[in-house]
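Enquirer: Sequence:
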Amino acid sequence: MNKSKLHKITAVLFALLFWQTAAMILDRSFLLSSPIEVLKALLELGLSGIFWTGMWKSVCKILLGFLSGAGAGIFLAGLSYRFKLFEIYISPYIMVIRSIPVASFVIIILIWLGGEGLSLFVCFFMVMPIFYANTLEGLKSVDVKMLQMAKIFEMSKKAKLIYIYLPALESFLVSASVASIGIAFKSGIAAEVIGRPKDTLGFFLFDAKMYLDTSKVFAITLTVIICSAIFERLAVLMIKRFFYMIKRVY
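Those letters in the sequence shown? Residues 566 to 815, by our numbering.
Source of the hints: derived by calculation from the structure; they are not laboratory data.
A few of these clues could be false.
Derived DSBU-like pairs (lysine-lysine); straight-line CA-CA distance at most 35 Å [stated by the list, open to error]: (1) Lys751 <-> Lys570; (2) Lys568 <-> Lys812; (3) Lys710 <-> Lys725; (4) Lys710 <-> Lys812; (5) Lys805 <-> Lys573; (6) Lys605 <-> Lys763; (7) Lys812 <-> Lys723; (8) Lys570 <-> Lys812; (9) Lys705 <-> Lys723.
Note that the structure is a prediction, hence the values are computed from the model and not measured.
Let's have the full structure, built from the sequences with the hints guiding it.
Expert: And the structure:
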């Protein structure tokens with residue numbers, strides 16, 4: 566085991582020790598549950614079929630919102646890079662979307678569409694501007710000399726995409742994924758807490774809060790954190806794998 570992993574494990578153990586000590590000193594489980602109580606609540610939830618159904622439902626909608634937001638952001642960035650006038654016209658809308666609070670988005674979408682598709686649309690609007698900005702920045706970072714060389718040698722559009730644009734975009738897309746997957750889960754669950762679509766993680770979280778079941782609140786929150794961390798790693802891995810395959814094939 567390298568030192569970096571050892572330090573991370575030590576940091577987690579210290580955090581758990583501090584948490585347990587604080588819970589023991591406070592001695593009010595409805596205010597701060599101990600790690601052991603949270604673990605028990607997590608095991609109880611794990612034995613419930615409804616919880617797994619709700620988790621699957623929430624995760625699927627959040628991921629669908631993330632993927633559609635990422636796709637839309639990349640597509641719009643491509644248009645903005647290709648057509649300067651399009652960038653000028655769309656930039657105010659992107660700025661407005663980035664500035665609107667999550668709660669406002671949730672209420673507006675709740676009025677328009679109801680609670681069922683709430684987390685999907687909220688995630689879409691949270692993720693899209695991040696991928697738009699990162700992709701556009703990546704495209705603009707392409708070396709002008711490389712493009713001039715491509716023009717001299719009359720490279721095809723496909724060749725320019727593979728050998729010039731994609732290598733420039735890799736780090737920007739990885740960065741966008743890391744930044745947006747956590748935001749997608751946070752905003753998606755927040756939307757479910759406000760909109761309360763039945764049998765979702767946000768619904769369970771609100772229900773636990775109503776009954777002051779703090780250990781269950783912590784357990785559901787821990788579930789969201791774990792899901793977010795897993796899919797963040799998967800997203801980065803898939804992007805890197807995609808670029809690796811492109812390099813190998815071409």
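Enquirer: Looking at the structure, which of the earlier hints fail to hold?
Expert: none
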